[in-house]
Structures are given as structure tokens and as C-alpha cells.
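> If you read the sequences in order, they're chains A and B. Per numbering that gives the first Met the number 0, residue 0 is the first one in the first sequence, and the count goes up by one each step. Per numbering that gives the first Met the number 0, residue 0 is the first one in the second sequence, and the count goes up by one each step.
Be aware that a few hints might be false.
[Unchecked claim] Computed list of lysine-lysine pairs in DSSO-like fashion (alpha-carbon distance at most 27 Å, straight line):
hint, chain 1, residue 1, chain 2, residue 2
1, A, Lys127, B, Lys90
2, B, Lys90, B, Lys63
3, B, Lys47, A, Lys127
4, B, Lys133, B, Lys47
5, B, Lys29, A, Lys273
6, A, Lys273, B, Lys47
7, A, Lys266, B, Lys29
8, B, Lys87, A, Lys30
9, B, Lys47, A, Lys303
10, A, Lys30, B, Lys129
11, B, Lys17, A, Lys273
12, A, Lys29, B, Lys129
13, A, Lys29, B, Lys47
14, B, Lys29, A, Lys30
15, A, Lys303, A, Lys324
16, B, Lys63, A, Lys273
17, A, Lys462, B, Lys129
18, A, Lys237, B, Lys129
19, B, Lys63, B, Lys87
Everything labelled a hint here was simulated from the structure, so no lab data went into it.
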Amino acid sequence: MKNKTKHTKDKNPVIQSMLDHLAEETVNPKKVDLWPAIRSHLAASKTPSKHKEFSMNKRIMLSASIAVLILALVTVFIARNVTTVSAQTILERASAVQSATMPAQGIWHTVIEVYDNPQALTGDRPGKTTINDTYYSLSTVQDQSALAVAPTFLYRDVTTDTAGNILDVSASDGSFNYSNYSANPEAAVKNDGPLTIYRSPLTQDDREKDATRDQPSVSADSLFEWFRNNPRVELEGKITWTDGSQAYVLVDRNEQTQKLANGQVEKTSTGATKMIFNAETYQLLESQTSIRKDGQDIVISEVKFVVDEILPADTHVDWSLSDLKNVAFVDETIVEDPSYVPESTVLSEHELAAHINAYVLKTIPEGFSLKIIMTPNDSQAQSYNYEINYENSANETFGMMAVGTMDPGFIEKSFYDGSYVTASGLTINYSPSSSHGTSGMLTIPDGTSFLLSSSMSREEIQKLAEDLVPAK
Amino acid sequence: MTVKIPSLEEKLAVARLKQGDLDGMETLVKRHQVRAVSAAFLVVRDQKLAEDIVQDAFIHAAEKIDQFDESKPFAAWFLRSVINVSVKAAKLQKRFVPLDEDEETSQVADWLVDPDPRPELIVETEETRKLVWKALGELSAEQRSIIIMRHFLEMSETEMTLELDRPLTTIRWRLKTARNNLRKILRPFWNSDYLEMEDEKQD
Numbered sequence: 000m001k002n003k004t005k006h007t008k009d010k011n012p013v014i015q016s017m018l019d020h021l022a023e024e025t026v027n028p029k030k031v032d033l034w035p036a037i038r039s040h041l042a043a044s045k046t047p048s049k050h051k052e053f054s055m056n057k058r059i060m061l062s063a064s065i066a067v068l069i070l071a072l073v074t075v076f077i078a079r080n081v082t083t084v085s086a087q088t089i090l091e092r093a094s095a096v097q098s099a100t101m102p103a104q105g106i107w108h109t110v111i112e113v114y115d116n117p118q119a120l121t122g123d124r125p126g127k128t129t130i131n132d133t134y135y136s137l138s139t140v141q142d143q144s145a146l147a148v149a150p151t152f153l154y155r156d157v158t159t160d161t162a163g164n165i166l167d168v169s170a171s172d173g174s175f176n177y178s179n180y181s182a183n184p185e186a187a188v189k190n191d192g193p194l195t196i197y198r199s200p201l202t203q204d205d206r207e208k209d210a211t212r213d214q215p216s217v218s219a220d221s222l223f224e225w226f227r228n229n230p231r232v233e234l235e236g237k238i239t240w241t242d243g244s245q246a247y248v249l250v251d252r253n254e255q256t257q258k259l260a261n262g263q264v265e266k267t268s269t270g271a272t273k274m275i276f277n278a279e280t281y282q283l284l285e286s287q288t289s290i291r292k293d294g295q296d297i298v299i300s301e302v303k304f305v306v307d308e309i310l311p312a313d314t315h316v317d318w319s320l321s322d323l324k325n326v327a328f329v330d331e332t333i334v335e336d337p338s339y340v341p342e343s344t345v346l347s348e349h350e351l352a353a354h355i356n357a358y359v360l361k362t363i364p365e366g367f368s369l370k371i372i373m374t375p376n377d378s379q380a381q382s383y384n385y386e387i388n389y390e391n392s393a394n395e396t397f398g399m400m401a402v403g404t405m406d407p408g409f410i411e412k413s414f415y416d417g418s419y420v421t422a423s424g425l426t427i428n429y430s431p432s433s434s435h436g437t438s439g440m441l442t443i444p445d446g447t448s449f450l451l452s453s454s455m456s457r458e459e460i461q462k463l464a465e466d467l468v469p470a471k
Numbered sequence: 000m001t002v003k004i005p006s007l008e009e010k011l012a013v014a015r016l017k018q019g020d021l022d023g024m025e026t027l028v029k030r031h032q033v034r035a036v037s038a039a040f041l042v043v044r045d046q047k048l049a050e051d052i053v054q055d056a057f058i059h060a061a062e063k064i065d066q067f068d069e070s071k072p073f074a075a076w077f078l079r080s081v082i083n084v085s086v087k088a089a090k091l092q093k094r095f096v097p098l099d100e101d102e103e104t105s106q107v108a109d110w111l112v113d114p115d116p117r118p119e120l121i122v123e124t125e126e127t128r129k130l131v132w133k134a135l136g137e138l139s140a141e142q143r144s145i146i147i148m149r150h151f152l153e154m155s156e157t158e159m160t161l162e163l164d165r166p167l168t169t170i171r172w173r174l175k176t177a178r179n180n181l182r183k184i185l186r187p188f189w190n191s192d193y194l195e196m197e198d199e200k201q202d
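Let the hints inform the model, and build the full structure from the sequences given.
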């Protein structure tokens, strides 16, 4: 007797409940607040630049550095006789720089210091600090044909903790990438001793990405976007900067508004974001985001623009990682990731027939297209999965996946919700119905089975099954 | 979780963000950050890394917002990208998570992929949760992501297919990997109704 107590795979309340509880045991919703850090990053740079995908939040400021460099380049055109200005005026003058023509030659050199304390830890600068030192060849921005000119893009990002210990390194000398993250998943893990930095040659793809990664106009547009469109931004005052120059401080104060029982509205400070501009050049010197916690303002993100300059195009860049202490360099040997699933190969019907006995629709239904793919079934690609998929623009699907010969009784036990036999002797054993369509197992006369899956009804599938013919 | 229909508030937030108003982003972040961090955490099993992933994903979403159709739910679009990055991160992170692989864990992992006996017949206890957590760690990142998308984010097969860029048949096949050797392991956790059914069969 068939088991009529169906379960759908979309509703598994126990698994769902357990996953909810597992997440809640660690992730406290009240303590998750990513917005201040995200806002800070978006305000400083719309396009975080990451050379290694998983060195999170390290190369965040390239776009900003380019934008800042633009500011530096054209500030000569800005009126210097400024005494009293509004926040909006400062922003307009700074953003006016964006339309400046860029120099065609030279090397942009920027040094940016990024401090991150996303958990709002208290104490003496308890977060992580990243020094981003970048050299960017201007010629590649002006003329993409200059890609062959090296170096295009040199950088080194070094992240340290409050004690000065090196936590992360991501760098490129124009010929090699350097990172403490190995691309080889089998790389040995070392929890103590020197930090291993893996060196791997730049690929052509890397070079092209480096040369085209950030168009300065886009970056500059984004730099002021948020502050300019934010009516809460105000001029906090004028300060003396570390080099003795005068600087404007713009601030966006964050408040929490709460309606009290007596109907009155109470506003509580929750933090602030500041941008500091040179009062003469309107160069952005620093951006800082803080939150208010237990009556204390805690800096959670700070970006200091330490150096931005244009060097002559023929400048010899003295790039090195030799000053890093307690690190060990290893040449990366890339080996195959055992969990990597190679790309599928698209086959023709004829090629499919050369591999396996399979069936295809004699006539492709109107509006549908056929795609036959072969997917390696193991990392050594010694066995394959074959899939025959029909799909139309409305996402209606009819697919068959070759699964070989099933163990005796498996199909009857697992696909027990009715069956259908075509005139040509193909058997379909159905799975319990689902709101997402129909699934089952199609077995051809030689005993080979195909997992069948479709968005269509059983009646429609059976009609199509009558049209199945051996692939040739 | 209900993420299928974009709320008016979410539509407005996306529209504002498209116009360059980052207040729109604030709405989206505050609305989805906890679910996103939780989902990423279940895949990468490291809260700090999960927060980094989600933070980056929001920044990326802000950059690509012009490509997003605001008539569709932001959450599905966004959470798919979170899962995708989490899977990649988990592959690199895998070596940092030593697992005590044993038969019991392996079998629970299989059950997560294809829940049979029926999940509703398993009693949720702290012990079973620990077993499930351990078993999740034994699954590959892709398998784990499928479990999270299906059961935690409640994505449909179609939504999962979009993310994984794999045909529906493959998704279903992965979910349908039949395993029948779980009874011995989970028997202590089955509820009494199921035990009675099993005993009747034995009789």
C-alpha cells in the first residue's frame, strides 16, 4: 500500500525551526547593525575595490583615493578667498572638482589609512587598521591601448591590529599578487608562527581588471553623492589640521526619534558621520563615523587620506614588502580544488547519443529551446551527468537527467505516486505532487532511468512523453 | 520569513536609492541585515565573516541597484548574492573548521539533504540541534547553501535555480539523494507516533 502521507520539501517546519534556533543562538538581532559601516563605505567610495575576493573590506578605498586625487588636481581652480561658507557650499565646491580634466600622464600615488571597529569596541583604538598604498598609471585611464605599459596598478594593503600585529596582506607589484589567503583550499593552516603570504603571478585577466577597474569620474560622482543629498549635513566648524592648515568639518548627526506615551517626541543621539575638507583646497582629508554607546562616542570607521600626489610618468616606484615583520613568503602552487565543480559542456543531440542511450522530443515544442549539457560528476571528471532540458521564455521547463540504472525497488519506493507508460514503452513513476510542478523517474526499455522534472502538469508531461524518441 | 512580495516601504526604498538617496539603503539594510547575516552564518559558520559578507553584499547591491527591478522583491535578489558569496567564502574558510567526521554526523547530513523520515516526526531538542549543526558542517558549501536557501530562506526551486545557475533537475536531484540508513541514529529522537508506526511495521 502506498504511503499517502505526503510531505512537501518546501515545508519542513522542524528543519526550519532548528535552523532558526541555530542562527539565533549566535546571531543576536539586537546586536546586528551594519548600517553605520555600510554608510561610511558608501559615502567614501561607491566602488570598493577588492583584488582578492575574500580579503573582505580591505581594498575599500581605491575609488575614493582616485576621487580625492581629482580634488587635489583641480583645486587650483577653486576660489581660495573663502572665509565663511555653508556646508552646501563646501560640498558644491568640492564636487565641482569632478568635472576637471584629468592629466593624461603620470602616476597617482595615494596612501589611505582605514580604521575599522565594526563591533564598536571601547578602549584605545581596538579595531583594525589598514594602510593602503597605491600607484595607478594615469595613461591607462586615458588610453586603454596603453595596457601593455607596466606598471599599471601597484598596491599594498596591510592590516594590523591594535598591537601592530599583521593580520592581512593583499598586494600586487605589477607582476605578482600577494595575499595571506591561498587560492589553494588544501593549503596548510598555521595558527601560530609567521603569517604566510602567498605569491602568485598576475594573469592577463588580472592585468585587464586592474587597468579598467575604476573610472575616476564614476568614483568622484559617488564620493559626495550621499552628503550632497542629505539635508541633515551641517558645518560643524573650522579646525586646525595636523599640518597646520585650516579644515572644515561637516557633520551628519544621527538621531533616534521616539514617540513618548505623553505624545511628545524625544530625540536621542545615536552617532555621527564627519567629513573633513581642507579649507583652501577643498581636498577631503578624513571621513569618520562614530556611534554613541553607553554615553560614549565610539569611532567605528575612519578613513584618512594621508598622501595623494601625481608623480612623473617615468618615476621609479620603490615598491616592496620587505618592511613587513613576522611574515613568510611562499610561492603559490595552484592545485585543483576538490570541491570545485567544473563547468558544464553543451552537447548536440548527436553527441549525446554517442555518450548514452537517451530520448529527446521528436519535435521541440513551439517557443521552447533545447539545451543538452554534460556535467562532470566527480572532481576527476571520470563520470558525468547528462541533462536534457527544454525551456521557454515563460520559464516553463521539461527536463530529464540521466541517472543510470537504479537499484531494484528504488523507483517503486521513492516514486510511488502513480505511473504512466507510453505507447513506446517508456515508464514514468511520479513523485508526490508539488506546487512547483511535476517530478518523477522516466525509465527507458534498456532499464536506464532519467530523473524527470517539469513545471508542467502530469497531463502535459505525458503528452510530451509520447513524443520522445531515441536521440541519434 | 515572507519575502515574496515587495512591500511599499521596500519599493520606495529602492526607488530612493536609485535616485542616489542613501536613506533608501538604510531602510533596506535595517530590514534585511539580520536574516542575511543569519543565512550567511549558517553557510560560513563564522559570525564575523558572515557580517563582512553581508556588509560587502549591501555595498555591492547599492552599486548595482540600477540593474534591479524594484517591482520584484529585493530580499530574493539580495539574499541570493549573499548565499553565493557565502558559498565561495566557505570553500576558503573550510580549512579553518576542523570537523570530527563520524558516521552519525554523516548520516544526519544526508538526512538534511533528503529528509526521510519526515522532519515533522523528529523531535526538536537541543541535542538534535547540535547534531544538525554538526551535520551541516559536514556538507559541502553548495549542499549547505541549498539547505539554507530551501529551509531557512524558504526560496522556491526556481529561485534557487536562478542563484545556482543549474537546471532544475540538478537541484532536485541533489535534494533527492535517497538515504535510508538514518533510522538507527535518529530513532531516539523520533516522537512516539512515529515509533508506534515503525513498531507496527515490524509486527
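> Give a verdict on every hint.
Checked hints:
no.	hint	result
1	A/Lys127 with B/Lys90	holds, 25 Å
2	B/Lys90 with B/Lys63	holds, 25 Å
3	B/Lys47 with A/Lys127	holds, 13 Å
4	B/Lys133 with B/Lys47	holds, 19 Å
5	B/Lys29 with A/Lys273	holds, 21 Å
6	A/Lys273 with B/Lys47	holds, 26 Å
7	A/Lys266 with B/Lys29	holds, 19 Å
8	B/Lys87 with A/Lys30	holds, 25 Å
9	B/Lys47 with A/Lys303	holds, 24 Å
10	A/Lys30 with B/Lys129	holds, 23 Å
11	B/Lys17 with A/Lys273	holds, 24 Å
12	A/Lys29 with B/Lys129	holds, 24 Å
13	A/Lys29 with B/Lys47	holds, 15 Å
14	B/Lys29 with A/Lys30	holds, 12 Å
15	A/Lys303 with A/Lys324	holds, 24 Å
16	B/Lys63 with A/Lys273	holds, 26 Å
17	A/Lys462 with B/Lys129	violated, 48 Å
18	A/Lys237 with B/Lys129	violated, 57 Å
19	B/Lys63 with B/Lys87	holds, 20 Å
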